[in-house]
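S.K.: Listed below are the residues making up each chain.
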Amino acid sequence: MAAPKSFRFDTLSLHAGQAPDPQFGARATPIYQTASYVFRDSDHAASLFNMERGGHVYSRISNPTNAVLEERIAALEGGVGAIAVASGQAAMHLALSTLLGAGAHVVASQSLYGGSHNLLAYTLPRFGVETTFVDPRDLDAWRGAIRPNTRLVFGETLGNPGLDVLDVPAVAEIAHAAKLPLLVDSTFTTPYLMRPFDLGADLLFHSATKFLSGHGIVIGGLLVDSGRFDWDASGRFPTLTEPYAGFHGMDFTEESTVAAFLLRARREGLRDFGACMAPVTAFHILQGIETLPLRMQRHVDNTRKVVEFLSTQAAVESVGYPELASHPDHALAKKLLPKGSGAVFSFAIKGGRPAGRKFIETLRVFSHLANVGDAKSLVIHPATTTHFRMDDAALAAAGIGPGTIRLSIGLEDPDDLVEDLGRSLAASQKV
Amino acid sequence: MDLVVDGNKAYVYNAGRALDAKRPSVVFVHGAANDHSAFLLQSRYFAYHGCNALAVDLPGHGRSEGSPLPTIGAMADWIAAVLDAAKLGEAALVGQSMGSLVVLECAARHPQRIRALALIGTAAPMAVGDALMRAAREDSHDALDMLNVWGHSAAAQIGGNAVPGMWMTGAYLRLLERAKPQVLHVDLKACADYAGGAAAAAKIRCPTLFVLGSRDLMTPPRNAQDLRSAIVGHRAVVLDGAGHALMAERPDAVLDALIGFVA
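Chains as they are written, first to last, in our numbering: chain U, 1 to 431; chain W, 1 to 263.
Derived by calculation from the structure, the hints in this document are not laboratory data. Glycine included, every Cβ here is placed at the ideal spot set by N, Cα and C. Certain hints may be false.
[As the list claims (entries may be wrong)] Derived SDA-like pairs: lysine to any residue, alpha-carbon spacing no greater than 20 Å straight-line:
| id | chain 1 | residue 1 | chain 2 | residue 2 |
| --- | --- | --- | --- | --- |
| 1 | U | K5 | W | D145 |
| 2 | W | K22 | W | D84 |
| 3 | U | K5 | W | E177 |
| 4 | U | K179 | W | R178 |
| 5 | U | K5 | W | G160 |
| 6 | U | K179 | W | R63 |
| 7 | U | K5 | W | R134 |
[Said to hold, decoys possible] Computed far set for chain U versus chain W, every beta-carbon distance over 12 Å:
| id | residue |
| --- | --- |
| 8 | S97 |
| 9 | G114 |
| 10 | N118 |
| 11 | D140 |
| 12 | S234 |
[What the hints assert, rightly or not] Covered stretches of chain U (in silico footprint by chain W; criterion: 3 or more residues with CB under 8 Å from a CB of chain W, positions within the stretch not fixed):
| id | region |
| --- | --- |
| 13 | 9-19 |
| 14 | 50-59 |
| 15 | 70-81 |
| 16 | 244-250 |
Just chain U, same shape as in the assembly (with noise of 0.2 Å):
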């Protein structure tokens, strides 16, 4: 007899985390606004405080509309839960301030977010945090910057702007190997593409403001726990399993089993730190993953229309796409990314700069903006923008030159990209 097994993942997508409003019926969630809850009576009021009974005190720490989105993508991600925050970044210092203090270490991929770079470059190291930045390909690198107060490896499933795909079985079984949890930036690929929970990872979490809500008009965050890391074994996790004298004296890992993290992290984390997501929000990105299957598909399927069409042009010097057989990550991408390796890919253009700003003031449908993962179509010039904190050093090392051009395929026919980006690419050249 064939396993039972639950329901699949476009059906999760549209259900997960939510039933009919038990009072009015009400199909789409509904948008709870409201900075607090009502208590039954005092005893009420007490057990929620304490964690006696589940439910809603304060919308800094939880809310219903912002429930369901949490439940939502742990059930699309496999994981155990989620917390919903303000913002990717706030996602990514949620996880850190959970896990580490003075004095503790970080292994990171080189190739990141020019805010995640500047989080742990320059502002950690403020607080007494170090990392150390690894070529992502380079698996001896990861291991041998691993020191004793290392506390997470921390990588981009597909690194930003080269598109280096992490080998997350690889890194994983690293930094388990020194009893460290992996925490991956699952950004580019959400989990359409993959969930890294299967191949190893420990903790995730997503600029929801991208590919999740899908169309340009929130910013928000998403922490996931894989619920799969033995902090108590690990024995480097403090926060987690020895008493906190602000709840208590809870030990998280005696409180819950598979969600030590998720617990401190909500308990501490949003209560200390406050960065919590608007219930609007939520609302907005519950609406953009409704429809993530179908529209990652044709994220996918446009960008491979664009990728062939720009690999074939003279203006065109190279093309960063994984799904390329020059890509140097071509053969792991096969294996952990079957479905299609996202819709954010750099190209560089011939005649540096000056060609590449002609390029994308010409562009009519692409807009020149900071942001991805919208469904419309969007360029922008990384060296000057995202990543223009970065010296020149720091720019080569994570593949990023003057002439580098960062697209973001939307959901326009294709073929209206692809004339696009002709007309634009033939008007770089006359510069």
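Assemble chain W onto chain U, guided by the hints.
M.R.: Structure of chain W alone, referenced to chain U:
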């Protein structure tokens, strides 16, 4: 809190509260391949409401040492030994699924020590299907999938966890995955082999509460009927639409049923 029972470390969740023999005690016993966290909310409530709350990890489960005990009777005696180790005279017992058989048998064997009994998601006999038993014997992940899908109502598999942000079936599956090899098989075999339900029920004289889920596929309410018939004066709460994982699916309803009954 760690106790020593039969020479092995026995972990008991007590919400970090010191035990006091003058207070009423409530012992919570989990189901197959689970641990104390199955009763997290309910045990924490009683620990902060004037009781000694002891949510155990049975031997070989969770943080407790030793091998899983092969029979319901052995587990029942182990619960009594936990009370000894904790220096507690009597207690109310709360058990779910396999744990319900354990507390039933414990109350029958040690009537002088058991003040009240709560049987959650229970049935006797507690048959285990061939496919599930075979998968458990082979330590196949299929066994965990069966328990996860059959153990939750259809509504619970969509979600709506009372604990904000937690994906119920994901968390339950991960908990099952943490069980050591063969633990689930030993537990299921102990349930299937237990033939003492009727005899134990006939000996019960303490106040007894049944909490059942109307959509429970593992222990449908009709399969608890023989026990209910044998325990005179029992109280029963049937939670409409709920499946087998009652403490997770309906944590407040389970707690409300227990409040005033076990302490």
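S.K.: If a hint holds in the structure, say so; if it doesn't, say that too.
M.R.: These are the hints, each one checked on the structure:
1. Between the alpha carbons of K5 of chain U and D145 of chain W the distance comes to roughly 7 Å, so the proposed pair stays at or under 20 Å and holds.
2. Among the hinted pairs, K22 of chain W with D84 of chain W is consistent with the structure: their alpha-carbon atoms are about 15 Å apart, no more than 20 Å.
3. Between the alpha carbons of K5 of chain U and E177 of chain W the distance comes to roughly 16 Å, so the proposed pair stays at or under 20 Å and holds.
4. Our distance criterion of 20 Å between C-alpha atoms is met by K179 of chain U and R178 of chain W, whose separation comes to about 17 Å.
5. Note on K5 of chain U and G160 of chain W: the hinted pairing holds, with a Cα-Cα distance of about 19 Å set against a maximum of 20 Å.
6. The hinted pair formed by K179 of chain U and R63 of chain W meets the criterion: a straight-line CA distance of about 19 Å does not exceed 20 Å.
7. Simply put, K5 of chain U and R134 of chain W have alpha-carbon atoms about 18 Å apart, close enough for the 20 Å limit, and the pair holds.
8. Distance to chain W confirms S97 of chain U as a non-interface residue, since its nearest Cβ pair spans about 17 Å, more than 12 Å.
9. The beta carbon of G114 of chain U sits about 29 Å from the closest Cβ of chain W, which is more than 12 Å, so the claim that it is off the interface holds.
10. With a least CB separation of 28 Å from chain W, N118 of chain U remains clear of the 12 Å interface cut-off, as annotated.
11. Listed as a non-interface residue, D140 of chain U keeps its Cβ farther than 12 Å from every Cβ of chain W; the least gap is roughly 31 Å.
12. At roughly 14 Å, the least C-beta separation between S234 of chain U and chain W is larger than 12 Å, which holds for a residue marked as non-interface.
13. As drawn, the region 9-19 of chain U meets chain W at 5 residues by the rule of a beta-carbon pair under 8 Å; at three or more, the given contact holds.
14. Given a C-beta distance limit of less than 8 Å, the hint that chain W covers the region 50-59 of chain U holds, as 7 residues qualify and 3 suffice.
15. With 9 residues having a beta carbon nearer than 8 Å to a beta carbon of chain W, the region 70-81 of chain U meets the requirement of three or more and the stated coverage holds.
16. Check on the region 244-250 of chain U: 3 of its residues sit with their Cβ under 8 Å from a Cβ of chain W, so the three-residue criterion for coverage holds.
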